[in-house]
Amino acid sequence: MHENTRTARQYVDLMLKGVISSEHLVQHYLDSIDQTDGIINAWASIDQDTAIAQARSMDQLRKKGMPIGTLHGIPVGIKDIFDTVDYPTEMNCLAFENRRPDKDSAVVESLREAGAVILGKTVTAELAYTHPPATRNPSNPDYGPGGSSSGSAAAVAAGQVPLAIGSQTHGSVIRPASYCGVYGYKPTRGLISRRGALETSFHLDQVGMFALDLGDLALLGNALGRYDAADDLCYLRPRPDTLRGYESDPPIEPVFAWFDLPYESRYSEALSAGIEELIDCLGKQVDRIPAPRSFVGLIESLRRIYGYELYRSLDELNVLNSKLLSKTIRTSIQEIKQITDEQYSDAIEAMHASVAWFVDFFNDYDAILTPSAPGIAPKYGEGTGDPCCSTIWTLAGLPCISMPMLVGEENMPIGLQLVGAAEQDDRLFRSARWLLHFLSQQP
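One gets our numbering by counting positions in the sequence shown from 1 and adding 14 to each.
The hints are simulated quantities; they were obtained by calculation from the structure and are not laboratory data. Heads up, some of the hints might be wrong.
Calculated pairs, DSSO-like style, for lysine-lysine (alpha carbon to alpha carbon, straight line, at most 27 Å) [as the list claims (entries may be wrong)]: (1) Lys78 <-> Lys31; (2) Lys351 <-> Lys337; (3) Lys393 <-> Lys341; (4) Lys31 <-> Lys77; (5) Lys341 <-> Lys351.
Please work from the sequences and hints to get the whole structure.
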């Protein structure tokens with residue numbers, strides 16, 4: 015069997031049995047990068063010697079019978095906004111060229127503790143914003159991968175790495191996962207520490223991840239979810255066991271909600287047709303309901319929170335007036351600095367109200383079904399895509415999974431998004447696995 019057809023969970027099992035080594039696996043993916051990244055451009059920095067040294071260290075632990083982690087020997091790509099001691103963290107911004115952190119971010123610390131091999135840093139949109147990077151879509155290089163976690167999604171889709179870390183402030187995990195045809199997971203706000211990651215919005219920034227398999231996302235989520243006092247949004251309560259949720263059967267068949275949302279006019283014809291077919295197929299398992307009027311206001315609330323906090327984050331980074339920023343960001347700076355304190359305060363209040371509203375809502379539903387994006391990926395160089403399908407759920411801090419289940423124009427992928435109750439990420443994975451199985455049984 016070719017390595018790229020196996021899951022990360024299978025790799026770990028094979029390494030535990032001594033069938034393959036981490037060094038062999040890492041070298042396989044390094045070779046894949048050599049063969050394909052000249053076109054895809056998914057990687058910002060990579061060092062073969064560093065990666066192989068990590069892999070050999072993992073192999074030695076196994077041979078000595080030492081305790082090993084749940085991600086033992088598995089290569090992982092890291093979005094280039096997370097600090098790493100052995101790779102530069104430049105955030106695709108000339109103002110931070112050759113920046114070398116002296117500490118790992120919390121995410122990278124957790125990965126190392128779980129036995130993962132940090133394969134390298136993946137390309138991000140400049141400062142995790144909207145200026146499109148040079149990365150191309152593996153499904154069709156005439157298209158972009160979306161953003162801002164562009165390289166992470168593309169690297170997984172291209173078979174260059176089995177797992178990759180991204181981040182989402184608006185739609186930067188779910189959208190690239192949709193466009194590249196991979197699985198993407200944005201956990202509940204506060205589940206994973208953001209210490210050592212670029213801050214663009216204190217209230218909205220969230221860690222995310224990509225894989226070719228739903229269960230691998232659950233495995234990775236478990237490795238990263240932990241309390242960290244250094245992140246003021248990181249909650250102290252017990253973490254949901256996402257892998258156990260994935261492996262569990264629901265006590266009764268889940269019930270999904272489908273909102274008729276205010277931005278549906280943006281959906282492509284192919285997406286709209288796929289939605290209708292999906293809803294018909296699910297039958298009694300899905301309720302189609304009108305969206306509350308408040309949803310329209312939530313879209314503007316996210317825009318104001320993001321803009322207000324981004325402006326201040328750029329100020330703290332001392333780049334507000336930098337000529338090294340792209341025109342895209344410099345233009346946005348002039349717009350977002352107009353957001354007032356009162357507008358920001360009202361938006362924060364609306365965010366908290368949305369959190370409370372969804373607590374009650376999920377008493378009646380297991381998950382919300384919605385597209386991951388309004389259509390296929392944008393053409394290469396024409397932006398990072400429309401994030402409208404993520405706005406409301408990101409604002410409310412809800413866990414989201416994008417699954418590659420729909421097909422758009424030119425045979426390009428579109429993801430189906432499942433949105434779950436806050437701090438019930440395990441239940442979301444359970445519902446997602448049930449849905450995959452249910453649809454696989456349909457003629």
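Now the hints, each set against the structure:
1. Distance hint between Lys78 and Lys31 is fulfilled; the C-alpha atoms sit about 13 Å from each other, no more than 27 Å.
2. Note on Lys351 and Lys337: the hinted pairing holds, with a Cα-Cα distance of about 17 Å set against a maximum of 27 Å.
3. Only pairs whose Cα atoms come within 27 Å are accepted, and Lys393 paired with Lys341 is accepted, the gap being roughly 20 Å.
4. Simply put, Lys31 and Lys77 have alpha-carbon atoms about 10 Å apart, close enough for the 27 Å limit, and the pair holds.
5. For the hint linking Lys341 to Lys351, the alpha-carbon distance of about 16 Å falls within 27 Å, and the restraint holds.
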